[in-house]
Each structure stands twice: as structure tokens, then as C-alpha cells.
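Chain by chain, the residues run as shown.
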Amino acid sequence: MPMGISCCAIEMMAFAGPRFDVSRFGSEVFRFSPRQSDVMIVAGTTTYKMAKVVRKIYDQMPDPKWVIAMGVCTSSGGMYRTYSVVQGIDQFLPVDLYVSGCPPRPDNLINALMKLQTMVQKGQSRGGSPNYGGNPGKDKPEPLPAVTG
Amino acid sequence: MNNLVVEKLKARFGESKIEASEFRGEFTLVVPKEIIVEVCRFLKEDDELKFDLLADLCGIDMNTPMKRFGVIYNLYSLKNKQRIRLKSFVEEEDPKLPTVTSVWGTANWHERETFDMFGIVFEGHPDLRRVYMPEEFEYFPLRKDFPLMGIPGSIPLPKK
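Here the protein sequences come in this chain order: L and Y.
Take 1 as the starting number for the first sequence in the numbering used here and just add one per residue.
Take 1 as the starting number for the second sequence in the numbering used here and just add one per residue.
Hints were generated in silico from the structure; no laboratory data involved.
Fair warning: this is a prediction, and the values are worked out from it, not measured in the lab.
Treat the hints with caution; some may be incorrect.
[As the list claims (entries may be wrong)] Label-pair restraints from in silico Cβ distances:
id, chain 1, residue 1, chain 2, residue 2, range
1, Y, L148, L, D90, 37 to 47 angstroms
2, L, F32, Y, D127, 27 to 37 angstroms
3, Y, F23, L, R35, 56 to 66 angstroms
4, Y, L53, L, K49, 25 to 35 angstroms
5, L, Q121, Y, D127, 33 to 43 angstroms
6, L, D21, Y, R24, 46 to 56 angstroms
7, Y, K50, L, D21, 22 to 32 angstroms
8, L, F32, Y, K159, 38 to 48 angstroms
9, Y, F23, L, M114, 38 to 48 angstroms
10, Y, E26, L, K49, 27 to 37 angstroms
[Claimed, not checked] A few chain L positions that, by computed beta-carbon distances, are all more than 10 angstroms from chain Y:
id, residue
11, G26
12, P106
13, Q117
[Stated by the list, open to error] On the chain Y side, residues computed to face chain L include the following (Cβ under 8 angstroms):
id, residue
14, V37
15, M149
16, P158
From the three backbone atoms N, C-alpha and C, an ideal C-beta is built for every residue, glycine too.
So that you can see chain Y by itself, here it is in the shape it has in the complex (with noise of 0.2 angstroms):
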């Protein structure tokens, strides 16, 4: 099966755009930004693959200097019963991705919520605003370089 979706996707998109490797027993495709939007509508409309369920989306920090942040999508499919992991990653001074939300309604949560927790960018979502933390916060909290006790008074508290 998965030897099935790595020939599909490097026939559709060619050879050179698709790493796949698989570690115990999970398999990994990464993917260039450009055309996470098509591979996902792919792998969710052919009818032998069938991903039809996104069973989640989040970010990651590599803090390395290259390629520092990532969006990661936990694809599963019902037909199949079999389930796949899309990486992408993304520049630091450049965090921004095209947005799912067009393939997966469920996308739009969590795209928010990496978007609050990482400071990515979904181009094209409909509504990115923050989900956990306040509309006037101004970091982003699970990113490397913030500490885990937040920045003193960036967080107004009512007066006593």
C-alpha cells in the first residue's frame, strides 16, 4: 500500500518532488510547500487511496538554521484503514504555507491553533486568528526560543 501511493504520487508529480522513508513501521512522505494543496487533494480524491480523514495537522520547531519550522498532517483512510504522515517544511523568515482548508474542512482549527502556538502562516485561510492564547498576545509559545514561563507582563491580568 504504501509502495502503491509513493508510485502514484512521484508518477503524478514526478520523481524528484516526493522523499518518502518509512521508520518503524510509519511511513513519511515530505513534500515541498508548493504543492502540499495538490498532493493532499490527491491522496484524498483517488479512489484507490482514499485519505478522505485528516486526523490531525500541527507544527513542529527544528530550530536549525535551514528549513526551521515544519507542518505535519496525520492522513488516515477509511477505506484502507491505513495511514500516512505528510511532512513540509518552511524557511524561518518566510513562515508561510498554503492553507488545506479547501481539501479538509477540519483543517481550519487546526491550522488556528499552529498558527497561535508557532507563528505559521496559512495563506488563504479563511479566518487565522488565535485560538488558545489572547488576540493581543504577541509571541508564540511553543516555539524553541520562548521560555516556559512566558514573558513577565506580557499577559495583562485584571487589577486587584
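Pulled out of the complex, with its shape left as it was, chain L reads as follows (with noise of 0.2 angstroms):
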């Protein structure tokens, strides 16, 4: 779910594009509804205004669901230390992935990218809301190995 709400959304589209080319690393279509996309890239400033948007979209996507904060607006408000501005949408959103940088270069999200995928290849990042995973037995799932690398 390419949820391109700035500047970074720019960057983004380099990363889908044929100069950097995020399809080499097996990760090829953007989606243009929640519920045909498992990984939403928040690219770009996120105002309290917005964060109700970002959220009613990100509940629409299926489970199992990977969240990456694009940028240092996203992460933690960036250069916007204003009151309409949201200091992180780690504030209301289960953040996997943050990735540095204003914007960050095309290659920095294909790395981000590819960290993603391997934290899921080892089971590291189970993906969407804590509860996730069966059990309902249980309050809490099982604490998620380390992460390495």
C-alpha cells in the first residue's frame, strides 16, 4: 500500500521504478487498495488530520500486515515540531521498519525492504496487530526472537 502523503511519496515512486527497480528483489506490485497489500509505506508528513485516514486504511488491510515508516517525518515529525503534525505515527500504528533520511534514497527503502523480508524469512516480525498468530488462548503471543542484522 504505497500511502504517499508528501515528498517522500516521490522517492517511493523511483523505488518502483526502473532506475532502482524494487521488483529485483521480489517485491514488484504496488497496490492501490488495503486489501490487496500486506506492507503499507507511510511516505511523507503525517498530520493528526491525516493519522485518521492512515489508520482507517491500515485496519482495511488483511492481516498479516508490515508497517514502514518512510522518512523522518513519518518516524518522529522531523522538521515539523508544529501542533498539527503527528511526533512519529508510532503514536497510533504498529511500526516495523523506520527508515532514515529527508527523503531517503530509493536505495535506503529497497534495503528497508529487504530487511523486512528477512526479518519475516526468520520469524522475527510476525506482521499486523500484537495479537496475531493464533492462540486465543492466550492474552499475549510468544516474545518474537531478536532482531539480528
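Build the complex: two chains, separate frames, hints provided.
Structure follows, in C-alpha cells:
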């Protein structure tokens, strides 16, 4: 789910385009419907007003699902230390990976995506809500192994 | 041209109502809020002046005990290629001005923005709602007494 909110979205387009070509790394298709998506890349400054929309789209994605916070604005508010910008989308979304940069280079985003693939392969990230993964009897799922590399 | 504007306005509205000044080539008129609509309409419809474009309308918080808030109208005349700035001030207890949406349709959203940011009420505006901030937001962010980081908890976030 390309959640392109502002200028990071341009780099996200480059990341999908022919020059950087993310499809080389096994992740090709941008889906513009949350129902067909499993990763949401939040690319851009998230205001309080937009936060509700981002959360709504995230909630519409089927489990398992992951979130990449692209750029400093999404990760921490970045240079927008003001009343209107959420100081980090992890206040209302479970974020799996933060990508640094303002905006991050497309290579950096490719790196994040490959890292996410590794995390999923190693079972370090289940994706989605903390309760995902079955076990209705248990309150909390088993703790995840520590992330390395 | 500027002198012509002042002469015409003073002849029409009276000597004491119009206050003109020039600073570094920028011409400003201060007008009481009661006649702002008539002044605007006059400037727009006068055949010689024809200030037919409202380039911008914005608010200002002077943070003074008297005449704290102001509204600034930046006009442009396509015919004469001339710019002019109108100002009108209101008191903090009664931040109300008549709307100029009847003169320029553009003023609609500009006045909504000014209302959203400063809480200046434009009387007679067809649809005075917030533009940027959420509808239920209670403060006016560009006022000088509003903290930069906002009021914690004033805008709810979705639950994690």
C-alpha cells in the first residue's frame, strides 16, 4: 500500500520505477487498494487530520500486515515540530521498520524492504496486530526472537 | 495612482475614515471595519481604479491590548497593473468583521482560513467552517498565545 502523503512519495516512485526497480528484490506490485496489500509504506508528513485516514486504511488491510515508516517526518515528526504534525506515526500504528533520511534515497527504502523480508523469513516479525498468530487462549503471543543483522 | 486612490476614497467616504501610508514603495490603507465592504466594492467597481483581483486575504495578531486582530486585503488591478493593501483592525473581545464574499468570490476560502487560524468571525459569510484543522478543534493556532507544539490531547489520535 503506497501511502504517499508528501515529498517522500516521489522517492517511493523512483524506488518502484525502472532506475532502482524494486521488483528485482521480489516485491513488485504497488496495490492501490488496502485489501490487496500486505505492506504499507507511509511516505510523508502525517498530520493529525491525516492520521485518522492512515489508520483507517491500515485497518482495512488483511492480516498479516507490516508498516514501513519512510523518512524522518513519519518516524518522528522530523523538522515539523508543530501542533499539526504527529510526532511519529508509532503513536497510532505498529511500525516494523523506520527508514532514515529526508527524503530517504530509494536504495535506502530497498534496503528496508529487504530487511523486512529477512525479518519475516527468520520469524522475527509476525506482522499486523500484536494478537495475530492464533492462540486465542493466550493473552499475549510468544515473544519474538531478537532482531539481528 | 496611489494619490488618485486616496483622493477618490476620501471624497467618497470622508477625510477622517481613510488612513494612508507608504513604506518602501508599498502602499497601505487602514480602513475602519464598518465601511470595509463599501470600500472594497468601490475599489473594485470604480472605472479608473478597477481593483478586480483579491490576491490574498489574511489575518494578523498584533498581540496588543487594543485592536489586537487585523485582516489584510491585498488587491491587484489587472487594468492598471497596480497593487494596494487594505487593513482593518478589530478588538480582541469582538473579533468580527463583515464578509467581502459578495465583492470577490475568492474571499470565501480565504476568510475561512483566517477564521480557522485566528478565530476572526466574518459576519454574513455563507459557509464559515474550518479549513485546515479538524472540525472539533477548539483553538486558533496562529494566535500569539497558542503554544507552538499545541495543546496536548486537544486533537485525538486513533487508538493503536
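(message) Tell me the hint numbers this structure goes against, listed in increasing order.
(response) As far as the earlier hints go, 1, 5, 7, 8, 9 and 14 are violated by this structure, in ascending order.
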